[in-house]
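Please model the complete structure; the sequences and the hints are all you need to start from.
Going from the sequence shown to this note's numbering is simple: count from 1 and add 13.
Bear in mind the hints are in silico, worked out from the structure with no lab data behind them.
Be careful, since some hints might not be right.
[Claimed, not checked] In silico DSS-like links for lysine-lysine, alpha-carbon gap of 25 Å or less:
#1 K112 to K73
#2 K232 to K197
#3 K53 to K72
#4 K228 to K53
#5 K228 to K112
#6 K72 to K232
#7 K197 to K67
[Unchecked claim] Label pairs and their computed distance ranges (CB to CB):
#8 N135 to I231: 30 to 40 Å
#9 F122 to P213: 20 to 30 Å
#10 Y93 to H235: 34 to 44 Å
For each residue, glycine too, the CB sits at the ideal point set by N, CA and C.
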Amino acid sequence: IGSVMDNQVDLLDGLMASDPLIWASVRKINLRDGIRFTLKDMPYLNDLVNHGKKIMNCKKGAQVCLTTTKYIEAVHACHYRRYDQNIMYMMPTVTAVEKLAKVSFDPIFQYNPWLVQRGSTNTTMCKEINGRSIVMVGAQPKKVGGTSTKDTDNLRSIPCDCVMRDEIDLMDMDMVYMSKQRLKRSQFGHEVNFGSPTYPDYGIDGLYNGSDQRKWQIKCGH
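Right, dumping it as C-alpha coordinates:
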(Lines of atoms letter the chains of each structure in order from A; the text may use other names.)
(Lines give C-alpha, C1' and ligand atoms only; values in the text may rest on other atoms or scores of the structure.)
Protein backbone atom coordinates (compact mmCIF):
# COMPACT_ATOMS: atom_id res chain seq x y z
CA ILE A 14 0.00 0.00 0.00
CA GLY A 15 2.83 2.33 0.89
CA SER A 16 4.40 1.81 -2.53
CA VAL A 17 1.12 2.59 -4.31
CA MET A 18 0.70 5.78 -2.27
CA ASP A 19 4.29 6.82 -2.99
CA ASN A 20 3.66 6.30 -6.70
CA GLN A 21 0.53 8.47 -6.51
CA VAL A 22 2.43 11.23 -4.71
CA ASP A 23 5.22 11.06 -7.30
CA LEU A 24 2.65 11.26 -10.11
CA LEU A 25 0.97 14.31 -8.55
CA ASP A 26 4.34 15.98 -7.99
CA GLY A 27 5.22 15.34 -11.63
CA LEU A 28 1.91 16.78 -12.82
CA MET A 29 2.35 19.90 -10.68
CA ALA A 30 5.88 20.40 -11.98
CA SER A 31 4.74 20.18 -15.61
CA ASP A 32 1.34 21.91 -15.47
CA PRO A 33 0.95 25.40 -13.90
CA LEU A 34 -2.83 25.08 -13.61
CA ILE A 35 -2.71 21.75 -11.76
CA TRP A 36 -0.03 23.27 -9.51
CA ALA A 37 -2.16 26.36 -8.80
CA SER A 38 -5.21 24.21 -8.08
CA VAL A 39 -3.47 21.66 -5.82
CA ARG A 40 -1.47 24.30 -3.93
CA LYS A 41 -4.64 26.38 -3.56
CA ILE A 42 -3.02 29.55 -4.87
CA ASN A 43 -4.74 32.65 -3.48
CA LEU A 44 -5.27 35.31 -6.14
CA ARG A 45 -6.30 37.83 -3.48
CA ASP A 46 -7.71 37.77 0.02
CA GLY A 47 -10.27 34.96 0.17
CA ILE A 48 -10.19 34.25 -3.59
CA ARG A 49 -8.50 31.05 -4.75
CA PHE A 50 -7.57 30.09 -8.28
CA THR A 51 -10.09 27.76 -9.89
CA LEU A 52 -10.71 26.27 -13.31
CA LYS A 53 -14.46 26.19 -12.71
CA ASP A 54 -16.23 27.38 -15.87
CA MET A 55 -12.84 28.05 -17.50
CA PRO A 56 -11.61 24.72 -18.95
CA TYR A 57 -10.31 26.59 -22.01
CA LEU A 58 -7.39 27.86 -19.91
CA ASN A 59 -5.82 24.38 -20.07
CA ASP A 60 -5.28 24.69 -23.82
CA LEU A 61 -3.98 28.25 -23.49
CA VAL A 62 -1.22 26.99 -21.18
CA ASN A 63 -0.50 23.53 -22.54
CA HIS A 64 -0.39 24.40 -26.23
CA GLY A 65 3.20 23.25 -26.87
CA LYS A 66 3.97 26.21 -29.16
CA LYS A 67 7.08 28.38 -29.10
CA ILE A 68 5.03 31.49 -29.97
CA MET A 69 1.44 32.05 -28.88
CA ASN A 70 -0.82 34.86 -30.16
CA CYS A 71 -4.11 35.08 -28.32
CA LYS A 72 -6.92 37.46 -29.27
CA LYS A 73 -9.23 37.66 -26.30
CA GLY A 74 -12.27 39.32 -24.83
CA ALA A 75 -12.33 41.03 -21.45
CA GLN A 76 -12.27 39.18 -18.12
CA VAL A 77 -11.42 35.70 -19.38
CA CYS A 78 -8.64 35.35 -16.77
CA LEU A 79 -5.87 35.08 -19.36
CA THR A 80 -3.67 37.72 -17.71
CA THR A 81 -3.96 35.95 -14.35
CA THR A 82 -3.27 32.59 -15.96
CA LYS A 83 -0.17 33.79 -17.80
CA TYR A 84 1.18 35.32 -14.62
CA ILE A 85 0.60 32.06 -12.74
CA GLU A 86 2.44 30.34 -15.58
CA ALA A 87 5.38 32.73 -15.11
CA VAL A 88 5.43 32.23 -11.33
CA HIS A 89 5.32 28.45 -11.81
CA ALA A 90 8.21 28.59 -14.31
CA CYS A 91 10.33 30.44 -11.74
CA HIS A 92 9.29 28.17 -8.87
CA TYR A 93 10.34 25.05 -10.78
CA ARG A 94 13.24 26.75 -12.60
CA ARG A 95 11.91 25.82 -16.02
CA TYR A 96 13.97 28.63 -17.56
CA ASP A 97 17.64 29.53 -17.20
CA GLN A 98 17.10 33.27 -17.62
CA ASN A 99 14.44 35.88 -16.88
CA ILE A 100 10.80 36.13 -17.88
CA MET A 101 9.88 39.57 -19.21
CA TYR A 102 6.28 40.71 -18.69
CA MET A 103 5.56 43.74 -20.89
CA MET A 104 2.72 46.24 -20.79
CA PRO A 105 2.28 49.40 -22.89
CA THR A 106 3.37 51.84 -20.17
CA VAL A 107 5.12 51.91 -16.81
CA THR A 108 1.89 53.24 -15.28
CA ALA A 109 0.00 50.20 -16.59
CA VAL A 110 2.65 47.91 -15.10
CA GLU A 111 2.39 49.61 -11.71
CA LYS A 112 -1.41 49.36 -11.66
CA LEU A 113 -1.48 45.71 -12.73
CA ALA A 114 1.24 44.75 -10.26
CA LYS A 115 -0.58 46.42 -7.38
CA VAL A 116 -4.04 45.08 -8.16
CA SER A 117 -3.36 41.60 -9.59
CA PHE A 118 0.21 40.42 -9.03
CA ASP A 119 1.31 41.69 -5.62
CA PRO A 120 -1.60 39.92 -3.85
CA ILE A 121 -0.32 36.57 -5.16
CA PHE A 122 2.85 37.12 -3.14
CA GLN A 123 1.05 38.70 -0.21
CA TYR A 124 -1.45 35.85 0.23
CA ASN A 125 0.93 33.00 -0.73
CA PRO A 126 3.99 33.89 1.40
CA TRP A 127 5.54 30.44 0.86
CA LEU A 128 6.35 31.50 -2.72
CA VAL A 129 8.92 34.07 -1.61
CA GLN A 130 12.03 32.72 0.06
CA ARG A 131 14.24 34.68 2.41
CA GLY A 132 16.37 37.15 0.47
CA SER A 133 14.11 37.09 -2.60
CA THR A 134 13.17 40.31 -4.39
CA ASN A 135 9.55 41.42 -4.52
CA THR A 136 9.24 44.91 -5.98
CA THR A 137 6.82 46.40 -8.50
CA MET A 138 9.24 45.84 -11.38
CA CYS A 139 10.95 42.60 -10.32
CA LYS A 140 9.59 39.43 -8.73
CA GLU A 141 12.20 36.84 -7.79
CA ILE A 142 11.16 33.28 -6.98
CA ASN A 143 13.60 30.46 -6.31
CA GLY A 144 16.49 32.32 -7.94
CA ARG A 145 14.56 33.19 -11.12
CA SER A 146 12.98 36.55 -11.94
CA ILE A 147 9.89 38.00 -13.58
CA VAL A 148 10.86 41.45 -14.84
CA MET A 149 7.96 43.86 -15.33
CA VAL A 150 8.52 46.32 -18.18
CA GLY A 151 6.65 49.32 -19.55
CA ALA A 152 7.18 49.52 -23.32
CA GLN A 153 7.45 53.30 -23.52
CA PRO A 154 9.93 54.54 -26.17
CA LYS A 155 12.25 57.51 -25.77
CA LYS A 156 13.56 59.66 -28.61
CA VAL A 157 17.36 59.63 -28.78
CA GLY A 158 19.21 62.95 -29.05
CA GLY A 159 16.28 64.82 -30.58
CA THR A 160 16.12 62.36 -33.50
CA SER A 161 13.34 60.01 -34.57
CA THR A 162 15.36 57.00 -33.28
CA LYS A 163 13.54 55.21 -30.48
CA ASP A 164 15.11 53.46 -27.52
CA THR A 165 14.42 52.69 -23.86
CA ASP A 166 16.52 51.62 -20.91
CA ASN A 167 13.62 49.37 -19.85
CA LEU A 168 14.53 46.89 -22.60
CA ARG A 169 18.30 46.90 -22.24
CA SER A 170 20.51 44.32 -20.52
CA ILE A 171 17.72 41.88 -19.61
CA PRO A 172 18.50 38.39 -20.97
CA CYS A 173 15.25 36.43 -21.27
CA ASP A 174 13.93 32.99 -22.11
CA CYS A 175 10.31 34.15 -22.35
CA VAL A 176 8.64 37.46 -23.23
CA MET A 177 4.96 38.00 -22.42
CA ARG A 178 3.34 41.04 -24.09
CA ASP A 179 0.06 42.07 -22.48
CA GLU A 180 -2.17 44.36 -24.64
CA ILE A 181 0.27 44.38 -27.55
CA ASP A 182 -2.01 46.63 -29.65
CA LEU A 183 -1.17 49.56 -27.38
CA MET A 184 2.60 49.02 -27.56
CA ASP A 185 5.09 50.79 -29.78
CA MET A 186 6.11 48.22 -32.40
CA ASP A 187 9.76 49.30 -32.24
CA MET A 188 9.72 48.34 -28.55
CA VAL A 189 8.16 44.99 -29.44
CA TYR A 190 11.05 44.44 -31.85
CA MET A 191 13.57 45.41 -29.17
CA SER A 192 12.06 42.90 -26.77
CA LYS A 193 12.67 40.14 -29.32
CA GLN A 194 16.39 40.91 -29.09
CA ARG A 195 16.31 39.92 -25.41
CA LEU A 196 15.74 36.32 -26.55
CA LYS A 197 18.73 36.03 -28.87
CA ARG A 198 20.83 33.95 -26.47
CA SER A 199 17.92 31.82 -25.28
CA GLN A 200 17.57 28.11 -25.97
CA PHE A 201 13.81 28.50 -25.44
CA GLY A 202 12.82 31.74 -27.20
CA HIS A 203 9.22 31.70 -25.98
CA GLU A 204 6.93 34.58 -26.91
CA VAL A 205 3.37 35.17 -25.71
CA ASN A 206 1.32 37.98 -27.27
CA PHE A 207 -2.21 38.66 -26.07
CA GLY A 208 -4.79 41.36 -25.70
CA SER A 209 -8.13 42.68 -26.84
CA PRO A 210 -8.12 43.69 -30.54
CA THR A 211 -8.42 47.34 -31.54
CA TYR A 212 -8.97 47.24 -35.32
CA PRO A 213 -8.72 44.64 -38.10
CA ASP A 214 -5.38 43.10 -39.08
CA TYR A 215 -3.40 45.22 -36.63
CA GLY A 216 -1.60 44.09 -33.51
CA ILE A 217 -3.08 40.98 -31.95
CA ASP A 218 -5.67 40.58 -34.72
CA GLY A 219 -2.93 40.54 -37.37
CA LEU A 220 -0.84 38.11 -35.32
CA TYR A 221 -3.85 35.88 -34.78
CA ASN A 222 -4.61 35.88 -38.53
CA GLY A 223 -1.11 34.55 -39.14
CA SER A 224 -1.49 31.79 -36.56
CA ASP A 225 -3.21 28.41 -36.73
CA GLN A 226 -6.36 30.26 -35.56
CA ARG A 227 -7.69 27.94 -32.91
CA LYS A 228 -10.91 29.07 -31.27
CA TRP A 229 -12.46 28.48 -27.87
CA GLN A 230 -16.13 29.19 -27.27
CA ILE A 231 -17.35 29.55 -23.70
CA LYS A 232 -20.74 28.00 -23.05
CA CYS A 233 -23.18 30.38 -21.41
CA GLY A 234 -24.05 29.25 -17.89
CA HIS A 235 -27.68 30.31 -18.37
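Hint numbers the structure violates, sorted upward?
Of the numbered hints, 2, 5, 9 do not hold.
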